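Trainee: When you get a sec, could you build the whole thing from the sequences and use the hints?
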Amino acid sequence: MIPKSTLARALLGTALYLLVALAIRKLGPSCFAPDTVARLGGMWIAVPSIVIANALPKKKMIPLDRLASDLAEVQALRRFVAWALVLGGIGFMLAYALAPLAVANSMATALMAIAVIATGMRIVWSARRPG
Amino acid sequence: MTSIFKALADPTRRQVLQMLQAGPMGAGALAEAFEVSKPTMSAHFAVLVAADLIEAEKSGRTIVYRLKMSVLEEALMAFAQVFGLQVTPENPTLPARRRAKEKS
Chain Z
201 MIPKSTLARA LLGTALYLLV ALAIRKLGPS CFAPDTVARL GGMWIAVPSI
251 VIANALPKKK MIPLDRLASD LAEVQALRRF VAWALVLGGI GFMLAYALAP
301 LAVANSMATA LMAIAVIATG MRIVWSARRP G
Chain L
44 MTSIFKALAD PTRRQVLQML QAGPMGAGAL AEAFEVSKPT MSAHFAVLVA
94 ADLIEAEKSG RTIVYRLKMS VLEEALMAFA QVFGLQVTPE NPTLPARRRA
144 KEKS
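Going line by line, the protein sequences match chains Z and L. Each residue of the first sequence is one higher than the one before, counting from 201 in the numbering used here. Each residue of the second sequence is one higher than the one before, counting from 44 in the numbering used here.
No wet-lab data here; the hints were simulated from the structure. Careful, some of the hints might be misleading.
[As the list claims (entries may be wrong)] Taking lysine-lysine and the DSS-like style, the derived pairs with C-alpha atoms no more than 25 Å apart in a straight line are:
no. : chain 1 : residue 1 : chain 2 : residue 2
1   : L       : K101      : L       : K81
2   : L       : K81       : Z       : K259
3   : Z       : K260      : L       : K101
4   : Z       : K204      : Z       : K260
5   : L       : K81       : L       : K49
6   : Z       : K204      : Z       : K258
7   : Z       : K258      : L       : K101
8   : L       : K49       : Z       : K258
9   : L       : K49       : Z       : K260
10  : L       : K49       : Z       : K259
11  : Z       : K204      : Z       : K259
Computed from a predicted model, the values in this text were never measured in an experiment.
Mentor: The structure is reproduced here in structure tokens:
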């Protein structure tokens with residue numbers, strides 16, 4: 201059932217993601233309260249970040265690997281980026297799930313921005329590191 | 044998923060994974076850190092490779108192991124470490140009868 205080709209799996213995953221997003225937007229209002237639909241929609245935004253970042257250390261070759269020549273540093277960089285983006289994604293999701301809806305978007309964006317900035321800083325630090 | 048839980052259930056294997064968090068290491072260097080026989084260590088490595096938690100790479104005459112854990116797997120390992128989970132026998136290469144003999 202699950203295609204073997206990486207491209208086919210990626211396309212299938214993207215299609216499923218968009219389908220669920222569409223379902224939340226179109227069918228959500230008839231099943232849930234407007235607040236719940238807004239929360240579900242927000243939480244769904246964080247899913248790709250969590251799923252992709254979670255698998256990052258398992259990937260064979262990623263562009264990050266070119267930033268350092270030392271294998272230990274490459275691994276440390278991959279782990280940092282993965283953890284930062286997964287935690288950022290979880291923070292984003294939790295903000296939409298638990299924070300008052302009026303501030304949920306700002307809070308979620310701020311949490312994700314912190315993760316992205318930390319990732320960027322770690323990448324720059326790794327690229328400038330001698331050796 | 045079962046293979047991951049099986050791999051993470053053993054404290055020696057968790058220790059191997061923790062050592063590999065610092066960077067890739069040779070099989071010999073890893074084995075030296077433990078007071079177990081080489082076949083036992085090889086069995087532990089095999090379980091970790093089968094669970095896709097580490098990757099073996101041949102470098103000359105030595106085998107270098109590299110960590111290949113997702114964030115979720117690392118979190119599971121930390122969880123198992125905190126709660127001291129141990130569900131597998133201490134020496135996975137020995138048959139059960141011999142293990143019982145060794146213990147007595």
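Trainee: For each hint, tell me whether it holds in the structure or not.
Mentor: Here is what the structure says about each hint:
Simply put, L:K101 and L:K81 have alpha-carbon atoms about 17 Å apart, close enough for the 25 Å limit, and the pair holds. Pair hint L:K81 plus Z:K259 does not hold up; C-alpha atoms about 29 Å apart against a cutoff of 25 Å. For the hint linking Z:K260 to L:K101, the alpha-carbon distance of about 16 Å falls within 25 Å, and the restraint holds. Between the alpha carbons of Z:K204 and Z:K260 the distance comes to roughly 17 Å, so the proposed pair stays at or under 25 Å and holds.
Between the alpha carbons of L:K81 and L:K49 the distance comes to roughly 20 Å, so the proposed pair stays at or under 25 Å and holds. With a C-alpha separation of about 17 Å, the suggested pair Z:K204 and Z:K258 falls inside the 25 Å cut-off, and the hint holds. Straight-line distance between C-alpha atoms of Z:K258 and L:K101 comes to about 18 Å, which keeps the hinted pair within the 25 Å bound. Taken as a hint, the L:K49 and Z:K258 pair is honoured in the structure, with Cα atoms around 19 Å apart against an allowance of 25 Å.
Proposed proximity of L:K49 and Z:K260 is supported: the alpha carbons are some 24 Å apart, at most 25 Å. At most 25 Å may separate the alpha-carbon atoms for a hinted pair to count; L:K49 and Z:K259 meet this at roughly 22 Å. Among the hinted pairs, Z:K204 with Z:K259 is consistent with the structure: their alpha-carbon atoms are about 16 Å apart, no more than 25 Å.
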